[in-house]
Amino acid sequence: MSTDKSAHAEGVLKLLAAAAGTARLYPPASALPKEAVQKLVDNLAKPANARPLYFTVEPQRIYAEGAPVTPNSSPTLAVAEALHAMQVEQFIITPGVSFAEAEAFVALINADPTHVRTGGGARTYLGKTNVQHIAVHEIRLSDSKKATLFGIDLANASLGDIAEFICEATARWKSEVAALDAPDEIASALAKMEGATRELATQRIISALLSLDEKTRVNLLETALNNDTRSTGASNKRMDGMLSVIADMSPTSLARLLTLASLSSGRAPKDIASEIPLSNETLQALDFLFSSEQASRNNTPDEAGMNGNGNRDVGGLDTGQAVAIAAEIAEERPAEDLERQVSELQASDSAARALATITAISHKSPDAETLRAIGEALPEAVRIGAFTTVHKALRRLDELGENAALADEVDSARSALALSDVLTDMCDTVKTASDAVIAGKILSTAGNIGAETLLMSYTNMPRYRRLLMGPVLGSMSGLLLGAARAHLQSANPEEAVEILHTLVVLNDRRAAGVIAQALNSNPSEKVRFAAATALADMPVAEAHQSLVRALNQQEAETRQHIVREVGRKKICAAAPVLIRLFNDTGAAAKNYGFRKEIIVALASIDSPDAQKALKKFAKKIAFTKKNRDLRHLAQNAVTLTPDEERMPSE
Amino acid sequence: MSDMPYRPEETEVLASPEELARETTAPRPSFIAVQAPFATPEKLNKARELVRTLAVACTNSALYPMTHPLVTESLDGLAASIAALVATGFPSLTVNIYKGTLFIENQVFPEESVVHRKLVEELLDHGISAVTFLEGVRADDAAVLVELLGQAQIKTIGDTQDYLARAGVQTIKLAETSTLDERDSAEKTERGRETRIQARRNYDYGLEAMREIEQQAKLGRVGEVNALQHIVESLLENLLQDPAAVMGLTTIKSHDDYTLNHSLNVCIFALSLGSAIGVTEDELRSLGLAALLYDIGKVWVPEEILSKQGPLTSEEWQTVKQHSEDGAVLLKRLNIADKVPMIVAYEHHQRHDLLGYPEAVNDSKQHLFSRIVALCDAYDAMTTTRPFRREIRPDKALSVLMQGRGMAYDPDITRAFVEMLGIYPMGAVVMLDDGSTAVVFRVNSDDLLHPRVKILADPEGRWLESPEMADLRLVDVTTGKPLHSIIQVVQTSETGIDDVWQYL
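One line per chain: the protein sequences are Z and A, in this order.
Sequential numbering from 1345 applies to the first sequence in our numbering.
Sequential numbering from 429 applies to the second sequence in our numbering.
These aren't lab readings, by the way, just hints derived from the structure by calculation.
One or more hints might be untrue.
As the list claims (entries may be wrong) - Taking lysine-lysine pairs in the DSS-like style, the calculated list, with each CA pair at most 30 angstroms apart, reads:
(1) A:K601 with A:K546
(2) A:K909 with A:K527
(3) Z:K1708 with A:K909
(4) Z:K1349 with A:K882
(5) Z:K1775 with A:K793
(6) A:K646 with Z:K1390
(7) Z:K1559 with A:K882
(8) Z:K1970 with Z:K1870
(9) Z:K1349 with A:K736
(10) A:K824 with Z:K1559
(11) Z:K1614 with A:K546
(12) A:K882 with A:K909
(13) Z:K1969 with Z:K1914
(14) Z:K1708 with A:K736
(15) A:K646 with Z:K1349
(16) A:K824 with Z:K1614
(17) A:K646 with Z:K1708
(18) A:K793 with Z:K1785
(19) A:K793 with Z:K1736
Claimed, not checked - Computed footprint of chain Z on chain A; a stretch qualifies when at least three of its residues, placed anywhere within it, have a C-beta under 8 angstroms from a C-beta of chain Z:
(20) 717-730
(21) 753-762
(22) 766-776
(23) 830-843
Ideal Cβ placement from N, Cα and C applies to all residues, glycine included.
Bound-form chain Z, shown alone (with noise of 0.2 angstroms):
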């Protein structure tokens, strides 16, 4: 069965119900009734729909062509039901229905079943009005045994009975074939029908000798070819009518019929069937078969020939293989990385191997759209990590963009990077310093989106990590200073903090000047805190005098922060300021914390300088307790001799 055959069908189906429930619901007087049968005529007179058309019929369904049509139409559903009513099963639409032909058999549908039945039935009820090219097999309650007027009623008779007809007939044909008038009756039986019937008959015939076995099928083909008589010279008949039924045989039914003659005779089947009236269609499919198998046995000599069965012994599977596969198969195995791949199938593994994909074809279209693609591809694969891929992606667009048609579009797929919730997560997933080196080459290309995101997120990376991105970091610098001199500005204070954590990591004095301007003006304390640290961890000069200059700063808490940190990291630069602002008479000198900061400073500068403020101040006569306090603790960081400790500092 075909699938534009079915349709076909099934479309014919459809207007006949729409014709038939027209007819039930307008007057005949109605032009709607005409139109809807009108309709149907012109769709089976299309040149492309010429052939016949088997419907079988159930209670509830038709089966068009073998399809099921289901009926979700009620018009299609009451043509089922009425046509059952009538005890119809089969019925074939062969082409040339005239419109007289088409209302007739829209009339029967619709006629009341009880009437055609006692009439005689539906084939009688269309034989009345001579119709000719659509035809009715009913189901009866007894076969019909007897031989009609015309012979054996074939559209009606049981298989069995048609069957031990064909036989006698072929019999009968074959003893008289010397005879000029041997009678073929079964070209007699099939000329006396109608149209539609006969196709119908002939369908029954097929369905009676292949219920035969097939020995008597082959000889019924050898006696219709009659090649024993016609090769003598006796007789140059043919039984026609057998002949052109077996012509009506479905390809693959005949090809088997064919090849069983053919071991019998031994002659080819090709040969075989140029002696039978065979349609172009059939040919073909014939010659598809036949050449298929030609050409399976060229190309596998190894292969036996036919068996005697007429099937080929080739290489199916003999019980001990088919049962050791099946023994393969349930033995009992433990899981494997099958399920592990199903359970882990997701987006990410289809992004990689898309932009490698996309990667790999580019070599054959290398355009804008490959690059579009390229772009669209690039993301999800950076955000998931897949480095080699995203790699070679940036690669080919580096080459690609050496053609300078496509430039702005390398561009445009480059852009595709700049997404800092994408790079983030792609920092998140270097594992290797190979990954890191990419990873670099990814942030940099993102431009300033790059560095920004990696600026972000490096303090908040896990130490091994940090080590890894620790050589991007440098390999940023510019791109990172820059984004850090625009976030500090914006940035939260904890945000910022993390900034300037990461500018120290840079290790590039450049730094030093976007620190000091987030110490010297950034409104957070906290911020100009962690920048004072920066600064004094950062082992470059420059970093160094910035902080010393910030310890002229006018807020008091950052001065004294700033204060801490050059003590602590015992800047001796810082020496001259920090002896000026302890011996500053303004408001700073009252400031007891203030100096007492400056003096632990000083006392871990220990530099000449400080040594001798220190000493200088430590033998200075203190009026107040804080003063005393603030001498003992510069005494407890010189050694005086005891000279010095009897004068007193002037």
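On the provided structure of chain Z, position chain A as indicated by the hints.
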């Protein structure tokens, strides 16, 4: 192997069946959706033990009084064996008798049917075709059952049920109709037919949609894939309702519309296999779409090359090999987020050992879906008649796949595929031991060698007006041998059968 012309020079040296049978090292996923409940030897043995203890208890109770130690011991044993099997994950267990053969939870026990023939006869004598044991069966309950089987005057199922009810037994249920009865209820049959009809319609719609996509592809355009997504959705829905109805569609082979039919068949195989190995529904949709489109690149391969009967020249072969990349190039234009179709189009010929084409990117394994599609592609291609060769019989095709494991095909996926299809897949036309011709109607997952068949023609080739159903698991209890067995699979095209699907 795919639908390419047979190239002797490219044939691998495959392992012999003996080597195949000896191979034990390849592991097997434990989660594979094995429909046979006793998928492990351990469970199988426990099921056998249940039958044995039931038979022993019945025998002992016939010989000794119920208070005899041997009887009480055997009843304890029966209760214990039931409990042991229930503990492996069954809230209830049903022992069925179907045409004289013992089944437990749809698992056939041919040997036990012979060894414990008396038990089978006793149950049938009392009108019992099914015994269901619920959780918590005690020795007392088992005692009532064996006592019942000793009551010769109880002949009907109603009386047996009353007997148990009067004794207060609630953990054992008896029934007359076996669940294995192939005479399904009319309602179930009608539902099955509806699903089958719908599946066929979806298949036909799919052909139309694929035709349209193909025509667009020839013009270098990728059409709207909504229609294809809808087809996949519909097939998936049908598959989940009635897998057999959909699998039967793969027997539809057309040499006129080979490419289109082939794509749909591969889609169906892939969906079925994906479902069997636990792929989620969402992922199945992606797999289905990929399976429809993976060979789209072939629209640019000249038909005379695809249909050539002899070996291809190297230039022709290079042309053919381009279709993977060409398909991927076309599919990258698909305006959908799912890139799996493009990936599968690119990878499906790379082979499991990555010795295929085009060259594997990053030396990474094929995507899981590429491996699934490659396998399904090979199987359907092998089992379809082409201009350059006849169809290969399904059992042989499966054997070829098994022998190609680890090389062309993923070993675990191949195993799952064979397990799903059966040694004799649905739609395979077989010759039985009596010479009759039959078509495999349903695979019995508990016994891959003995499917259910429909007998179409007798040994002399006479076609039956109505096919006869036969379950090849059934044994002759006097001989212990199956009533029927398969001698060989025959090529469909040689049997005179046009359309296998009509029988499924």
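Original post:
Of the hints stated earlier, which fail here?
Top reply: Numbers 3, 11, 20, in rising order.
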